[in-house]
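Q: Taking the hints into account, I'd like the entire structure generated from these sequences.
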Amino acid sequence: MGRYFRYFRWHFFCVGVLAVIYAGILLLHGSADAGGRGNGECLTGERVFDYGEVLSEEEEEKLRQLIARRERQTGCDIILVTLDESLEGYAREREANVPWEEFVRVYAEEFYDGNRFGYNKPIGDGVLLVDNWHREADGNVYTWLCTVGKADEKYNLARMEHLLDQVYRYVEKNPYKAYKAYIEGVYHDMTGNAMHMPMLSWMFPFGMGCAAMLFFVAIHWKGREGKKTVTAVTYVNGGKPCINKKEDILLHRTVTQRKIQTGAGSGSRSGGGGSSSHSHGGHHGGAGHHR
Amino acid sequence: MLFRCQNCGGNMVYSPKHGGMFCPYCDGTGCEERVGGAGRMGGLDAAQDGNAAAVGGAAQEAETMKEGLTECVNCGAPLEIGKYNSTCKCAYCGSYVILDERVSGRYRPQRILPFQIGKEGVVKKMKEEFKSRIFTPESFLSEATLEEMKGMYVPFWLYDYKVHCGFSGRGTKIRVWTSGSTEYTETSHYRVERDMDMDFDQVPVDASIEMGDEAMDLMEPFDYGQLEGFSENYMSGFYGEIYNMEAGELEGRAEGKVGKDAESLLKETVTGYHTLAQEHKAVEAVRKGVCHALLPVWRYRYQYQGREYVFYINGQTGKIAGVAPVSKKKVLAYSGTVFALVWAAFTLLSHIVEVI
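Order-wise, the sequence lines are chains V and E.
Counting from 1, position 124 in the first sequence corresponds to residue 124 in this note's numbering; the numbering is continuous, with no gaps.
Counting from 1, position 345 in the second sequence corresponds to residue 345 in this note's numbering; the numbering is continuous, with no gaps.
Rather than coming from a laboratory, the hints here were simulated on the basis of the structure.
Hints may be right or wrong, so weigh each one.
Said to hold, decoys possible - Now the stretches of chain E that chain V is said to cover, found in silico as 3 or more residues with beta-carbon under 8 angstroms:
1) 96–104
2) 190–204
3) 227–233
4) 285–292
5) 322–333
What the hints assert, rightly or not - With a straight-line cut-off of 25 angstroms between C-alpha atoms, the simulated DSS-like cross-links for lysine-lysine are:
6) V:K228 - E:K329
7) V:K245 - E:K162
8) V:K245 - E:K288
9) E:K260 - V:K245
10) E:K150 - V:K228
11) V:K62 - V:K173
12) E:K124 - V:K228
13) V:K227 - E:K319
14) E:K150 - E:K125
15) V:K180 - V:K150
16) E:K267 - V:K240
17) V:K228 - E:K267
18) V:K228 - E:K127
19) E:K330 - V:K228
20) V:K227 - E:K127
21) V:K227 - E:K89
22) V:K227 - E:K328
23) V:K227 - E:K173
24) E:K260 - V:K227
25) V:K228 - E:K131
26) V:K222 - E:K131
27) E:K127 - E:K319
28) E:K125 - V:K222
29) E:K330 - V:K222
30) E:K329 - E:K131
31) E:K125 - V:K227
32) E:K260 - V:K240
33) E:K17 - V:K245
As the structure is a computational prediction, the values presented were derived from the model and not from experiment.
The C-beta atom is built at its ideal place from N, Cα and C for all residues, glycine as well.
A: Following this line, the structure appears as structure tokens:
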């Protein structure tokens with residue numbers, strides 16, 4: 001065992017250092033306080049609006065407590081709305097040509113602005129998740145994540161997609177777990193750099209571990225025979241050959257030319273999110289999912 | 001023959017540490033006395049057969065090459081001699097006996113490279129080499145197994161060659177550049193001619209069947225600056241062999257080595273071409289001479305899981321060759337830890353990067 005620990009001492013040390021750094025950062029973020037709430041005009045102190053009746057009283061209370069703590073740490077209002085009704089009429093009344101997938105967006109923005117949410121000021125920093133359990137006439141259930149103020153600045157489309165994916169991982173089987181993941185995700189993103197690195201998901205470390213293990217086995221599985229230390233001149237008298245003739249005679253030279261083809265580049269478009277400025281004066285970012 | 005200490009009567013051996021004859025019993029140096037005998041192989045057999053008549057010429061040579069028994073010059077105990085052994089150690093009194101007939105006449109080596117590293121030095125080098133190799137079994141290099149380490153004088157033929165190389169062909173060099181929206185390609189065609197001579201001196205080829213050719217090639221190079229004229233003194237304390245094969249039989253290996261090196265040197269002179277079409281190439285090697293020499297090699301045999309692992313250590317330079325035994329269970333166990341550590345490190349790293 002002594003040899004084992006001696007062999008891996010530096011490896012253990014490095015992993016230990018990384019673990020300590022990570023724990024330290026988590027502690028630092030856990031004790032972070034964004035300062036006092038600056039918005040006195042918010043029309044409600046409620047953060048969990050379970051109109052869809054998918055949560056129990058106890059679960060709602062747990063989420064409220066968690067939101068209260070995370071709001072102080074992130075400096076953002078975190079609101080959760082569940083619905084179970086068609087938003088077609090509501091949305092089309094406000095935006096005549098709004099597509100199916102954006103009914104929830106219209107509702108979310110109206111809800112946020114109407115209640116004057118925002119941690120620092122009315123319609124200020126915050127996020128709102130609207131999860132409408134009603135299946136619209138197109139056959140889909142829609143969800144929208146609305147970001148405002150510094151949350152809008154921090155969240156890019158990939159990060160929003162990632163957060164909604166986290167919610168959708170659990171929402172059908174355990175809505176409480178899904179909404180808790182939403183709150184923790186917001187906390188994580190707002191206190192971190194919000195970088196979404198799919199390559200560093202669990203698969204990447206797992207793959208690296210496998211690669212390192214295979215490499216380790218490959219280099220240690222068989223012993224080495226020894227190195228050849230004789231060169232071509234080892235036994236040559238004087239250490240080099242006697243060159244009697246070394247001629248490189250230019251016979252002829254040819255030059256060819258061709259026109260370089262230049263072409264226009266190609267591009268791709270992606271969608272799924274966007275931003276909008278509202279009549280109330282707030283700028284909303286957001287992204288939606290459907291199931 | 002053997003070398004006896006004039007002071008205490010013990011068997012004197014050549015000591016690389018002292019650079020001369022040394023008595024391990026009384027620590028005496030330079031006080032050796034040559035004691036003749038133990039030359040006639042098969043003496044015991046002959047006596048038993050009642051056929052003790054003198055043998056000579058070809059018959060004597062055949063007798064020299066016979067496996068069998070002779071007597072220890074020191075204690076008279078029977079010595080078991082292998083077909084090609086020129087020295088052996090008496091199992092009873094521990095004396096190193098040199099067989100007169102196998103170090104004389106046609107079997108007398110012209111040169112010998114005395115051991116420069118003693119057993120202690122070799123053990124130290126081996127331990128240093130394998131200190132970091134944690135997958136070798138615990139018993140590897142243990143005191144008990146190191147007892148089996150043997151210093152051997154391996155018979156080599158050292159060949160001298162004069163080599164002539166010629167090459168002719170056509171090569172092209174290509175240069176590409178761009179001006180505006182036009183790319184230009186210039187192709188220059190050359191006639192390439194080479195002619196060179198080189199002398200290869202003392203190219204070694206081992207003449208022992210028992211010692212693996214690849215392992216002996218890995219023992220190279222030896223520093224021939226320390227080659228001495230043959231003297232039996234250097235053999236005392238070590239095992240030795242006569243050559244197992246004639247120089248002519250091994251010439252092919254020597255020519256192969258020389259040819260490969262010559263081609264490599266020729267190739268080094270033809271560089272910078274994008275394409276090279278060979279029209280003529282010749283490598284001609286002519287043997288100038290050959291010398292029979294004994295070169296020092298330590299051999300360490302180790303048994304592990306029913307397989308024998310053999311290590312060779314150059315008795316002059318300390319270079320080690322041989323495949324080390326590996327405890328595969330240990331490798332697998334350690335690789336599991338490697339996986340866990342790398343996985344943990346990257347997971348933590350990705351989390352840290354995300355939350356910073």
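Q: Against this structure, judge whether each hint is valid.
A: Structure-based check of all given hints:
{"no.": "1", "hint": "96–104", "in the structure": "violated (count 0)"}
{"no.": "2", "hint": "190–204", "in the structure": "holds (count 14)"}
{"no.": "3", "hint": "227–233", "in the structure": "violated (count 0)"}
{"no.": "4", "hint": "285–292", "in the structure": "violated (count 0)"}
{"no.": "5", "hint": "322–333", "in the structure": "holds (count 8)"}
{"no.": "6", "hint": "V:K228 - E:K329", "in the structure": "30 angstroms, violated"}
{"no.": "7", "hint": "V:K245 - E:K162", "in the structure": "17 angstroms, holds"}
{"no.": "8", "hint": "V:K245 - E:K288", "in the structure": "23 angstroms, holds"}
{"no.": "9", "hint": "E:K260 - V:K245", "in the structure": "20 angstroms, holds"}
{"no.": "10", "hint": "E:K150 - V:K228", "in the structure": "23 angstroms, holds"}
{"no.": "11", "hint": "V:K62 - V:K173", "in the structure": "18 angstroms, holds"}
{"no.": "12", "hint": "E:K124 - V:K228", "in the structure": "22 angstroms, holds"}
{"no.": "13", "hint": "V:K227 - E:K319", "in the structure": "9 angstroms, holds"}
{"no.": "14", "hint": "E:K150 - E:K125", "in the structure": "15 angstroms, holds"}
{"no.": "15", "hint": "V:K180 - V:K150", "in the structure": "21 angstroms, holds"}
{"no.": "16", "hint": "E:K267 - V:K240", "in the structure": "13 angstroms, holds"}
{"no.": "17", "hint": "V:K228 - E:K267", "in the structure": "20 angstroms, holds"}
{"no.": "18", "hint": "V:K228 - E:K127", "in the structure": "21 angstroms, holds"}
{"no.": "19", "hint": "E:K330 - V:K228", "in the structure": "28 angstroms, violated"}
{"no.": "20", "hint": "V:K227 - E:K127", "in the structure": "18 angstroms, holds"}
{"no.": "21", "hint": "V:K227 - E:K89", "in the structure": "32 angstroms, violated"}
{"no.": "22", "hint": "V:K227 - E:K328", "in the structure": "23 angstroms, holds"}
{"no.": "23", "hint": "V:K227 - E:K173", "in the structure": "36 angstroms, violated"}
{"no.": "24", "hint": "E:K260 - V:K227", "in the structure": "18 angstroms, holds"}
{"no.": "25", "hint": "V:K228 - E:K131", "in the structure": "21 angstroms, holds"}
{"no.": "26", "hint": "V:K222 - E:K131", "in the structure": "17 angstroms, holds"}
{"no.": "27", "hint": "E:K127 - E:K319", "in the structure": "13 angstroms, holds"}
{"no.": "28", "hint": "E:K125 - V:K222", "in the structure": "21 angstroms, holds"}
{"no.": "29", "hint": "E:K330 - V:K222", "in the structure": "13 angstroms, holds"}
{"no.": "30", "hint": "E:K329 - E:K131", "in the structure": "19 angstroms, holds"}
{"no.": "31", "hint": "E:K125 - V:K227", "in the structure": "16 angstroms, holds"}
{"no.": "32", "hint": "E:K260 - V:K240", "in the structure": "15 angstroms, holds"}
{"no.": "33", "hint": "E:K17 - V:K245", "in the structure": "49 angstroms, violated"}
Checked against the numbered hints given earlier, this structure breaks hints 1, 3, 4, 6, 19, 21, 23 and 33; the rest are met.
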